[in-house]
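Note that the protein sequences, when read in sequence, are chains A and B. The numbering of the first sequence is our numbering, which starts it at 1 and goes up by one. The numbering of the second sequence is our numbering, which starts it at 1001 and goes up by one.
If you are wondering where the hints come from, they were derived from the structure by calculation, not from laboratory data. You may find that some hints are simply not true.
Taking beta-carbon pairs under 8 Å as the criterion, some of the chain A residues facing chain B (in silico) [said to hold, decoys possible]: (1) Y11; (2) I14; (3) R76; (4) R79; (5) R80; (6) N88; (7) F103.
Pair ranges (Cβ atoms, derived) [said to hold, decoys possible]: (8) G37(A) - K1271(B): 47 to 53 Å; (9) I1264(B) - A55(A): 26 to 32 Å; (10) Q265(A) - K1271(B): 36 to 42 Å; (11) S303(A) - R1268(B): 34 to 40 Å; (12) R1268(B) - G123(A): 26 to 32 Å; (13) A13(A) - I1264(B): 49 to 55 Å; (14) G1251(B) - G123(A): 51 to 57 Å.
In this text, a Cβ means the ideal position worked out from N, Cα and C, and glycines have one as well.
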Amino acid sequence: MIVARGVHKHYGAIHAVDGVDLDVRAGELFGLIGHNGAGKSTMFKMMLGLIPVTAGEIRIDGAMVAGHGGANGDFRAVRRKIGYLPENVVLYDNLTGLETLQFFARLKGVSQADNHALLERVGLTHAARRRVREYSKGMRQRLGFAQALLGKPRILFLDEPTTGLDPEAIRGFYAILRRLKGDGVTMVITSHILAEIQERVDRLAIMAAGKVQACGTVQSLREQMDLPLWFSVRVAPEDFEAVRAALGHLPVGAIEAHDDHIAVQCRREAKMAVIAALATLDGKVRDLGVHEPSLEDVFFGFSD
Amino acid sequence: MEFAQIATVAGKEFWDRIRNRWVLAVALVFTAFALSIAYFGAAQQGTVGFRSIEVTIASLVSLVIYLIPLIALVLGFDAIVGERERGSLDLLLSMPITRVELLLGKYLGLAGALAFSTVAGFGLVGLVLSAQLDLAALFHYFGFMLSSVLLGCAFLSLAVMLSVFAADRTRASGLAIAMWFFFVLIFDLLLLGALVVSGGQWGGEVMPYLLLLNPADVFRILNIFALEDVRTLYGLATVFPPTLARSDLLGLVMAAWIALPLAIAAWRFRK
């Protein structure tokens, strides 16, 4: 669906994007994460055809949106397939929510018929006729999202989409993304809130210093990074030593005693052996939790 | 080029100015000044009341030549740089619209608002005076209104060009003010200074052509040469050859002043 090949973007001596290859498949929710200045936003803008590439090319649905000689094909047809929610979306204060959608629907050349439904979808029906200047940050973000959904786009670019949203609105936002994914919409999302996207994206790319450092599913990146797992073993304090003894012969890392549980670090290949050893403790283990490394751990592993 | 896209952007810009009462405010300013000049322009000579269209237009030209360029520059200086600085330009450009369409839409919407307020403001005064004017006088007054609109469009075009080149709104506003000073206050002084310093040897023959390099001067000449009585009031009339003073030719020059900055802006904005 979206293919980037050897993409470079140089601003003088600064290499904002430095030889990026990416493949975003049709219908997937693809995450693009990185520190500030990692090149995500530049990559986003090039994928949208907003800025030219220095070298390489980017294609959406086969049509070149950035590359040697600029965009080709019918750029309007490509743009009509795309919805874009910029980071810190800025809309027009003097328009109402409904007028905002009417303006962008006209620009996009799509029907006005869905405007009210879109406002309802993002929970802004009550504010449809209020000027945007009276909207809170979260309401503006939701209106921006409604704008991105105009014309039932096949591809969505969402740059930090949950900025300013409260927890309930974030949940509602991801519920909409799930439904869109069910409809086969391809989505590219950036976020600094890694915990928020780690369970939601199909695949992601970690960018640092203008390069893609790693790309794959969260699980494959964990395995690639080979970060240790953590076991949380709930036992009575008098049984702590029994746990230590049972795990003593295994290749585990740190064993830390807490008030009501023991935290055990081990490598992925020792996971089943640890579970088997704990099973021999015969009723002493009251509960067991296995914690995979978080996306944050993976991210810092690759980006540092 | 899709005209529907241009019309969408132009419509938004135009209605924004209607809605925030910019058009109304500017129209009222023009009406107030025009009425004051028409009825009280001769107060210093001890008379009040409308005297003649020639004198009224001559006074209005002196006013408009300062006011309209300023209003047009203020209106257009942040057309593009403002969108860029606020962060809304990327969203606009992610739509199925080309940069040239966006630029033209912005320009036409703003030009529409400026033209509407100019015609409404001066037109109202024209209606008030119409009982005292014959057809020829009405024609002259209409010509003055039309040339005022062209003057506004020319400076608006310059403002939009600045807005494309400027890195931020602060610089754009500074450049707009500098441009106003240059064209409205300094340009003629420079020409006259060159004439005086050279004892009339330098620039005498090219002076009329050099005047065409300033849209404010083109506007002045357009209005001066349309009226016999007024022509005699201006010394410049003596150095301006009648062959150059054809209103169709001067209209074309004004059109070039509108088109050229816009073309440069479009070229730069596409890069």
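Here's how the hints hold up against the structure:
Checking Y11(A) against chain B: minimum C-beta separation of about 14 Å lies over 8 Å; hint violated. A least Cβ separation of about 17 Å between I14(A) and chain B goes past the 8 Å threshold, and the interface hint is therefore violated. At about 4 Å, the closest approach between the beta carbon of R76(A) and any beta carbon in chain B falls short of 8 Å, and the interface hint on this residue holds. The beta carbon of R79(A) comes within 4 Å of a beta carbon in chain B, closer than 8 Å, and the hint placing it at the interface holds.
Taking 8 Å as the C-beta contact cut-off toward chain B, the hint placing R80(A) at the interface holds, the least distance being around 5 Å. Given hint, N88(A) at the interface with chain B, holds; its Cβ is 6 Å from that chain's nearest Cβ, closer than 8 Å. A least Cβ separation of about 6 Å between F103(A) and chain B falls short of the 8 Å threshold, and the interface hint therefore holds. Taking 47 to 53 Å as the suggested C-beta distance range, the pair G37(A) and K1271(B) does not conform, at roughly 25 Å.
At roughly 29 Å, the beta-carbon separation of I1264(B) and A55(A) lies within the given 26 to 32 Å, and the hint holds. For the pair Q265(A) and K1271(B), the supplied restraint of 36 to 42 Å is violated, since their beta-carbon distance comes to about 55 Å. Between S303(A) and R1268(B) the beta carbons are some 37 Å apart, a value that agrees with the proposed interval 34 to 40 Å. Separated by about 42 Å at the C-beta atoms, R1268(B) and G123(A) break the suggested range of 26 to 32 Å.
Between A13(A) and I1264(B), the C-beta spacing of about 29 Å breaks the proposed range 49 to 55 Å. In this structure the hint that G1251(B) and G123(A) lie 51 to 57 Å apart at CB holds, the actual value being about 55 Å.
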